[in-house]
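S.K.: Produce the entire structure from the sequences given, and follow the hints as far as they go.
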Amino acid sequence: GAGVSQSPSNKVTEKGKDVELRCDPISGHTALYWYRQRLGQGLEFLIYFQGNSAPDKSGLPSDRFSAERTGESVSTLTIQRTQQEDSAVYLCASSLGGIRTPLHFGNGTRLTVT
Amino acid sequence: DQQVKQNSPSLSVQEGRISILNCDYTNSMFDYFLWYKKYPAEGPTFLISISSIKDKNEDGRFTVFLNKSAKHLSLHIVPSQPGDSAVYFCAASGDGQNFVFGPGTRLSVLP
Chain H
27 GAGVSQSPSN
37 KVTEKGKDVE
47 LRCDPISGHT
57 ALYWYRQRLG
67 QGLEFLIYFQ
77 GNSAPDKSGL
87 PSDRFSAERT
97 GESVSTLTIQ
107 RTQQEDSAVY
117 LCASSLGGIR
127 TPLHFGNGTR
137 LTVT
Chain V
196 DQQVKQNSPS
206 LSVQEGRISI
216 LNCDYTNSMF
226 DYFLWYKKYP
236 AEGPTFLISI
246 SSIKDKNEDG
256 RFTVFLNKSA
266 KHLSLHIVPS
276 QPGDSAVYFC
286 AASGDGQNFV
296 FGPGTRLSVL
306 P
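Listed in order, the protein sequences are those of chains H and V.
Residues in the first sequence are numbered from 27 upward in steps of one, following the numbering used here.
Residues in the second sequence are numbered from 196 upward in steps of one, following the numbering used here.
What the hints contain is simulated information worked out from the structure, not anything from laboratory work.
These figures come from a predicted structure and were not determined experimentally.
Incorrect hints may have been included.
Unchecked claim - Straight-line C-alpha distance at most 20 Å; calculated EDC-like pairs for lysine to aspartate or glutamate:
id, chain 1, residue 1, chain 2, residue 2
1, H, 83, V, 290
2, H, 37, V, 237
3, V, 200, H, 70
4, V, 200, V, 290
Said to hold, decoys possible - Output of the computed footprint for chain V on chain H, the stretches with three or more beta carbons under 8 Å from beta carbons of chain V:
id, region
5, 55-69
6, 72-85
7, 126-136
Note that CB positions come from ideal geometry on N, CA and C, so glycine has one too.
M.R.: Put into structure tokens, the structure is as follows:
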């Protein structure tokens, strides 16, 4: 079946602009995660959605970052007033949502803020 | 404060030999561990996992060993193949739903 799909694959934006990144999880996956990977670094947790529960936003680095998810489908990550330090690959992952089920990642969106 | 550490940023191994990737963690509440492989321009791909009730899990050429007392796990790849060249991430969870990733180790398998 189809995997996790992210769009766009690449985004170049000017500092100060807003950007919106999209994630389509695997059908039937109730859990959805956003991670960020800066150049040369590991995966940094941003936000986690599980079903209709309130999302875990503990990883969002500032109030310029927000994410939404409609039901158990598409999620969007929005970064307002982008800064150069926001440049990174933004990875979305989904899982069946049960205890101890692995995450399945998309190919990411490479964001470059100039 | 890194809860999951992969102290070797890179590793080179000859084709056909064993690759051993190491991971250490600090949080004693972690009880579920995973390894992911990542190729350039792709997302991480799940390889193998282990629960803390076990000390070994094997899947084909990949074996993960867990030493809870040392808070250490390792991934063994035998025999190593050039296609195994990638960045390998260790991840851990204490509740089975929130995952902490290590910084990764770049494996190069030389033909």
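S.K.: Run every hint past the structure and note whether it holds.
M.R.: Hints and how they fare:
At most 20 Å may separate the alpha-carbon atoms for a hinted pair to count; residue 83 of chain H and residue 290 of chain V meet this at roughly 16 Å. Under the criterion of a C-alpha separation no larger than 20 Å, the hint pairing residue 37 of chain H with residue 237 of chain V is consistent with the structure, at around 16 Å. The straight-line distance between the Cα atoms of residue 200 of chain V and residue 70 of chain H is roughly 13 Å, inside the 20 Å bound, and the hint therefore holds. A C-alpha spacing of about 19 Å is found between residue 200 of chain V and residue 290 of chain V, which places the hinted pair at or below 20 Å, so the restraint holds.
Taking a C-beta to C-beta cut-off of 8 Å, the region 55-69 of chain H contributes 6 residues in contact with chain V, enough for the three needed, and the coverage statement holds. Interface restraint, the region 72-85 of chain H with chain V: holds (3 residues with C-beta to C-beta distance below 8 Å; minimum three). Counting residues of the region 126-136 of chain H whose C-beta sits closer than 8 Å to any C-beta of chain V gives 9, which meets the bar of three, so the coverage hint holds.
In this structure, none of the earlier numbered hints is contradicted; all agree with it.
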